[in-house]
Every structure is written in structure tokens, then in C-alpha cells.
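A.B. asks: Just so you know, the protein sequences line up as chains A and B, in that order. Its first residue numbered 1, the first sequence is counted upward by one per residue in my numbering. Its first residue numbered 1001, the second sequence is counted upward by one per residue in my numbering.
Bear in mind the hints are in silico, worked out from the structure with no lab data behind them. The structure displayed is predicted, hence computed values, not measured ones. Since no wrong hints were added, every one of them can be taken at face value.
DEER-style ranges, computed between Cβ atoms:
id	chain 1	residue 1	chain 2	residue 2	range
1	B	K1057	A	E16	41 to 51 Å
2	B	L1039	A	T55	29 to 39 Å
3	B	T1038	A	I83	24 to 34 Å
4	A	E20	B	G1016	42 to 52 Å
Simulated coverage check for chain A against chain B, where a stretch passes if three residues somewhere in it have a Cβ under 8 Å from a Cβ of chain B:
id	region
5	32–46
6	103–114
Cβ coordinates follow ideal geometry from the N, Cα and C atoms, glycine included.
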Amino acid sequence: AQSVTQLDSQVPVFEEAPVELRCNYSSSVSVYLFWYVQYPNQGLQLLLKYLSGSTLVESINGFEAEFNKSQTSFHLRKPSVHISDTAEYFCAVSGQTSGTYKYIFGTGTRLKVLA
Amino acid sequence: DTGVSQDPRHKITKRGQNVTFRCDPISEHNRLYWYRQTLGQGPEFLTYFQNEAQLEKSRLLSDRFSAERPKGSFSTLEIQRTEQGDSAMYLCASSSPNGGRYGYTFGSGTRLTVV
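If we strip away everything but chain A, and leave its shape as in the complex, we get (with noise of 0.2 Å):
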């Protein structure tokens, strides 16, 4: 079974300032991890991903998130936050032996960015 812990339900920063939004998890198998946005009154979108490989990994709007297995963490940064990253941020895991591929999502961190 797997489990995720967002330890942050709100984190608010000013424009231009970096970024982190905490994502721990605990699996007894290799673990799939994820980081979706949602904004508000709509679904989820995915926006990044860690499947094998560098455990740093990038999307394409400027957030990075770092696999540390040992720590059992992917947290999300940003160097640079805008406005526009306004939203709620979820982590996600599947276990890498599951044939379903579900996915057990953290409760979300509301990122508020201020001018």
C-alpha cells in the first residue's frame, strides 16, 4: 500500500519569489510519482513526472521536482513564481507493480501568489 503526506495545505508567496511545496511518501514497492495542478472548477493537470532515470525532472512552465529516494520525498520548486501559478498542487504515486496504475493522491497544497 502506498500513502503521500503534503504537510502544507496553504503556502503563500509573494510574485518573483522561489518556491517549494512538500510531497513525502511511503510505498513497499517502486513508486510512479506525480505533481498535478488544479485550478479552480476544473480537473486535474499533469505537470510532472518521475518514472525511472535522473531523479531531477522538469516541466515545461519552470517547476522542477527532485526524487530522493532515501528521504522518500518529490518535492516541487520554482525559482521564480507568477500570478499565474495560482492554484492547488497535488502529489501523486502508483505503485509501479500495479497493473491499474491508480494513483493515491496527497490532500493538496494551495499555492496563493501575492503582488
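Position chain B against the provided structure of chain A, taking the given hints into account.
C.D. replies: Chain B only, in chain A's frame:
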């Protein structure tokens, strides 16, 4: 490719009534998932289809819930005798074979309010 479509976007119903939601996945995707998201929580897995076969159901899916995917195309989720606790956003997602390890495409969801 118009993405994953869900209908209706919003549904308000009285307690005890039956409701049905529809999901149209991306046409070439054979995997289809239903998740439920309550306020302040991450999405929770409900059920999974591969083509027309329902291969996994969460224990969250009580006897009042039923999902179908006739002909392996669109899917419906029916809730009978709705209760106030059923109020949530119901999200549908699809992926290609083995595509779940690369991430799903989510629809915009159906928000159900039971009064």
C-alpha cells in the same frame, strides 16, 4: 483530440434521488478511471475500466454506486438514493495502454451537490 469530456458540469439533486454522470474519454484511450474529490481533499480512486471490463473497484464504491462502460467507449457513473455525503467532485480520467505510468488526462469533473 478534444480531451476528456464530462457531463454535466454541475448537478444539484435532492437527497434520495438518483443521478447519472457521463464521461467521454480520449478516443484512443482504453483505460478509464473514476475518482471522487471532496472539499479539501485529494482525489480518491473509485473504479477502473480497461476497455469495457471493470477491473477494479474501491471499497468507497458502495452498493448505491454503479459504473459502466459499454462497448469500451464512454462511461457512466450512477448514484442511487443520493445522500448528503455524496456531495463531491466526480472526476473521470483516461490513459492509453501502459499510459497510466505516464500520467492520465483528467476531465473537468462533475460537481454534485445533494441538498
